[in-house]
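Going line by line, the protein sequences match chains A and B.
Numbering-wise, the first sequence is residues 69 to 348 according to my numbering.
Numbering-wise, the second sequence is residues 46 to 338 according to my numbering.
It is possible that part of the hints are untrue.
Stated by the list, open to error - Each computed EDC-like pair below joins lysine to aspartate or glutamate, with the alpha-carbon atoms no more than 20 Å apart:
1. K248(B) to D279(B)
2. K191(B) to E155(A)
3. K224(B) to E212(A)
4. K314(A) to D96(B)
5. K250(B) to E210(B)
6. K195(A) to E222(B)
7. K174(B) to E155(A)
8. K133(A) to E313(B)
9. K152(A) to D110(A)
10. K328(A) to D72(A)
11. K254(A) to D268(A)
12. K314(A) to E315(B)
13. K324(B) to E311(A)
14. K288(A) to E233(A)
15. K255(A) to D73(A)
16. K160(A) to D319(B)
17. K254(A) to D83(A)
18. K314(A) to E313(B)
19. K186(A) to D199(A)
20. K284(B) to D96(B)
21. K195(A) to E316(B)
22. K334(B) to D292(B)
23. K191(B) to D96(B)
24. K152(A) to E48(B)
25. K171(B) to E212(A)
26. K195(A) to D292(B)
27. K314(A) to E316(B)
If you are wondering where the hints come from, they were derived from the structure by calculation, not from laboratory data.
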Amino acid sequence: MTLDDAISTYVQDGDLVGFGGLSFWRKPIEACREIIRQDKKDLSLCTFVGGIEIDMLVAAGCASKVRASFVGMEIFGMAPNYRKAVESRSIKISEESEASIALGLRASYLKVPFMPLKGIIGTDMPKVRNDIKQFKDPLGSDTELMALPKIDLDVAILHVPYADEYGNGNIAGAVWMDDDMAKTAKKTIIITEKLVETEDIRYLPGKAQLPMQTTTAVVKIPYGAHPTSCYNHYTFDALHIQEYLKMNFNEYKKKYITGKNSAQYLEEAGGVQTILNILL
Amino acid sequence: MTEFSKDYTIDELMTVLMAREVQNDDVMIVGVATPMVWAAFTLAKLTHAPDAIYHYIMGNTYVIEPRQVSLLYLEMNTARAYRFQNSVECTLESLPSEKLTTIEFFRPAQVDQFGNTNNVCIGDWKSPKIRLPGAAGILDFSMFYKRGSFLYTPRHDSRTFVSTERLFFISGAGFPEGKPSICGGSGPQCVVTNLAYLDFDGKSKRMRLASIHPGVDIDTVKESTGFDLIIPNDLKETKPPTIKEIDLLRERVDPLKIRKLEVLSGNEREELLDGIIQKELATQNKFPKLLFS
Chain A
69 MTLDDAISTY VQDGDLVGFG GLSFWRKPIE ACREIIRQDK KDLSLCTFVG GIEIDMLVAA
129 GCASKVRASF VGMEIFGMAP NYRKAVESRS IKISEESEAS IALGLRASYL KVPFMPLKGI
189 IGTDMPKVRN DIKQFKDPLG SDTELMALPK IDLDVAILHV PYADEYGNGN IAGAVWMDDD
249 MAKTAKKTII ITEKLVETED IRYLPGKAQL PMQTTTAVVK IPYGAHPTSC YNHYTFDALH
309 IQEYLKMNFN EYKKKYITGK NSAQYLEEAG GVQTILNILL
Chain B
46 MTEFSKDYTI DELMTVLMAR EVQNDDVMIV GVATPMVWAA FTLAKLTHAP DAIYHYIMGN
106 TYVIEPRQVS LLYLEMNTAR AYRFQNSVEC TLESLPSEKL TTIEFFRPAQ VDQFGNTNNV
166 CIGDWKSPKI RLPGAAGILD FSMFYKRGSF LYTPRHDSRT FVSTERLFFI SGAGFPEGKP
226 SICGGSGPQC VVTNLAYLDF DGKSKRMRLA SIHPGVDIDT VKESTGFDLI IPNDLKETKP
286 PTIKEIDLLR ERVDPLKIRK LEVLSGNERE ELLDGIIQKE LATQNKFPKL LFS
């Protein structure tokens with residue numbers, strides 16, 4: 069399947085879309101560029117720790133809501149377009165913590181309405197979230213707990229270094245929320261650096277952390293996580309991220325996104341020299 | 046006889062003070078974009094805490110080996126883990142248990158006299174003047190740690206240190222209303238800043254000036270704090286870094302001065318950042334250098 073087909077078939081306007089990875093690490097950015105090219109609207113974006121993928125989709129006007137425990141550009145600073153959109157109230161946010169995302173996904177795939185957490189108590193998060201609630205242990209221990217609601221994703225989009233054509237995905241570094249997102253989303257799209265045989269997946273550490281039964285589509289796009297990283301192939305592209313932060317988003321979109329396929333994008337982003345810079 | 050350094054910068058002093066908080070059996074939690082914390086933990090590991098282990102949030106991995114601080118290649122370090130964690134366990138397994146003592150440093154955008162912190166917004170949450178990146182795991186953990194939570198900021202000023210009414214959002218629980226959290230954690234233990242080392246009074250739970258850095262006068266600290274600090278009669282001067290600590294930090298732990306990105310701002314910061322990126326891109330071996338104690 070091509071990326072164009074996968075996004076147009078499985079991502080609909082208004083969907084709650086989960087993105088794998090964390091911060092600048094293993095984000096499905098080529099899929100985000102395709103979402104922007106197809107001009108999807110009114111998406112709710114959900115990720116564990118967000119960065120440039122959230123910022124781009126918000127800047128391009130594809131999103132109306134964000135659910136993430138953190139959206140920033142790490143050592144490079146704040147996410148400028150996300151920040152502007154929240155401050156001008158042009159998007160809604162749901163204030164999240166790491167646990168509210170992790171437990172929300174778990175509640176969803178366990179088919180329960182909420183998961184209990186011993187945490188958040190004493191912070192202002194309950195004041196801005198009318199869908200979470202403090203309650204006392206119903207089994208009688210007197211422990212105060214927080215009920216965190218399930219997060220039902222319509223689509224999960226995940227970037228991995230290895231997958232086979234059946235949809236078995238292997239992640240060489242940290243998995244973060246990717247496997248929970250794959251389990252609970254109604255549809256799961258895997259973007260892979262390399263397409264390998266099932267036999268190869270068997271010999272990779274961790275085997276198929278994303279098993280074929282939860283995968284809807286597999287698309288091979290080498291360097292598809294650029295400018296974020298994909299361990300064990302390449303690290304994030306600090307120079308590109310700096311350029312992104314210096315440019316107005318419309319100029320950036322014109323130069324790198326509109327009308328570009330993934331090869332043309334890589335060429336525009338510095339070609340061979342960029343690849344040599346980021347390769348591990 | 047310990048020889049103290051006479052030639053150190055503020056990022057070095059802060060890093061050394063943070064390193065001194067680590068105990069030998071700690072799990073040291075390294076967050077996202079906090080090179081000063083990484084440098085401090087690695088310094089501790091090479092000096093008084095050789096058995097402490099790292100828990101890298103960016104990898105959600107447990108790692109034993111200390112490595113040189115890196116900006117572009119920290120994932121290479123975290124991937125050398127003896128254990129990966131994913132899904133719920135990566136956020137909740139680091140909660141204090143009977144077996145683990147964890148140490149984590151939070152860098153608040155705002156902190157009040159009871160150690161409550163804000164990393165969410167400046168101004169009203171609904172229409173903020175500044176939307177900050179968010180508090181991530183601080184919301185989940187700040188009220189739990191058995192050894193308490195640890196704070197640091199290189200911006201000791203009256204915009205950062207504010208009274209409770211001016212704290213726009215509590216995203217990290219300190220001692221709410223001056224009381225310990227009902228969740229059972231020990232609460233905030235200290236705040237390491239560019240001017241002083243602060244801790245909390247055992248009874249009132251209010252912030253106290255524990256020691257003042259060499260060369261800083263007490264009025265500067267008072268004017269830079271938006272609430273009244275408890276000031277003990279026998280106010281001490283902060284013990285400066287030793288020559289050994291400074292040598293280790295400069296030559297082995299963080300020779301590229303990545304920690305300094307947390308202290309600098311403006312052009313000076315841009316120049317340092319560009320230099321670090323160029324130096325790291327030029328290396329052949331992308332694994333951050335393994336350090337042996």
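Evaluation of the provided hints:
The hinted pair formed by K248(B) and D279(B) meets the criterion: a straight-line CA distance of about 18 Å does not exceed 20 Å. For the given pair, K191(B) sits about 37 Å from E155(A) by alpha-carbon distance, which is inconsistent with the 20 Å threshold. A hinted pair counts as satisfied when its Cα atoms are at most 20 Å apart, and K224(B) with E212(A) qualifies at roughly 16 Å. Note on K314(A) and D96(B): the hinted pairing is violated, with a Cα-Cα distance of about 43 Å set against a maximum of 20 Å.
Between the alpha carbons of K250(B) and E210(B) the distance comes to roughly 17 Å, so the proposed pair stays at or under 20 Å and holds. Pair hint K195(A) plus E222(B) holds up; C-alpha atoms about 17 Å apart against a cutoff of 20 Å. Restraint check for K174(B) and E155(A): satisfied, since their Cα atoms lie roughly 6 Å apart, inside the 20 Å limit. At roughly 36 Å between alpha-carbon atoms, K133(A) and E313(B) are farther apart than 20 Å, so this suggested pair is violated.
Between the alpha carbons of K152(A) and D110(A) the distance comes to roughly 17 Å, so the proposed pair stays at or under 20 Å and holds. Distance hint between K328(A) and D72(A) is fulfilled; the C-alpha atoms sit about 12 Å from each other, no more than 20 Å. Under the criterion of a C-alpha separation no larger than 20 Å, the hint pairing K254(A) with D268(A) is inconsistent with the structure, at around 27 Å. About 12 Å separates the Cα atoms of K314(A) and E315(B), which keeps this hinted pair within 20 Å; it holds.
At most 20 Å may separate the alpha-carbon atoms for a hinted pair to count; K324(B) and E311(A) meet this at roughly 18 Å. Straight-line distance between C-alpha atoms of K288(A) and E233(A) comes to about 9 Å, which keeps the hinted pair within the 20 Å bound. Simply put, K255(A) and D73(A) have alpha-carbon atoms about 14 Å apart, close enough for the 20 Å limit, and the pair holds. For the hint linking K160(A) to D319(B), the alpha-carbon distance of about 35 Å lies beyond 20 Å, and the restraint is violated.
A threshold of 20 Å between alpha carbons decides the hint, and for K254(A) with D83(A) the separation of about 11 Å falls inside it, so the pair holds. Taking the CA atoms of K314(A) and E313(B), the gap is near 17 Å; set against the 20 Å cutoff, the hint holds. The straight-line distance between the Cα atoms of K186(A) and D199(A) is roughly 16 Å, inside the 20 Å bound, and the hint therefore holds. Of the supplied pair hints, the one linking K284(B) and D96(B) is violated, its CA atoms being roughly 24 Å apart against a limit of 20 Å.
For the suggested pair K195(A) and E316(B), the alpha carbons sit about 41 Å apart, so the restraint of at most 20 Å is broken. Taking the CA atoms of K334(B) and D292(B), the gap is about 17 Å. The hint holds against a cut of 20 Å. A C-alpha spacing of about 19 Å is found between K191(B) and D96(B), which places the hinted pair at or below 20 Å, so the restraint holds. For the hint pairing K152(A) with E48(B), the CA-to-CA distance comes to about 50 Å; that exceeds 20 Å, so the pair is violated.
Between K171(B) and E212(A) the CA atoms are separated by roughly 27 Å; this puts the pair beyond 20 Å, and the hint is violated. With a C-alpha separation of about 48 Å, the suggested pairing of K195(A) with D292(B) is violated against the 20 Å cut-off. Between K314(A) and E316(B) the alpha-carbon distance is near 15 Å, which keeps this suggested pair within the 20 Å criterion.
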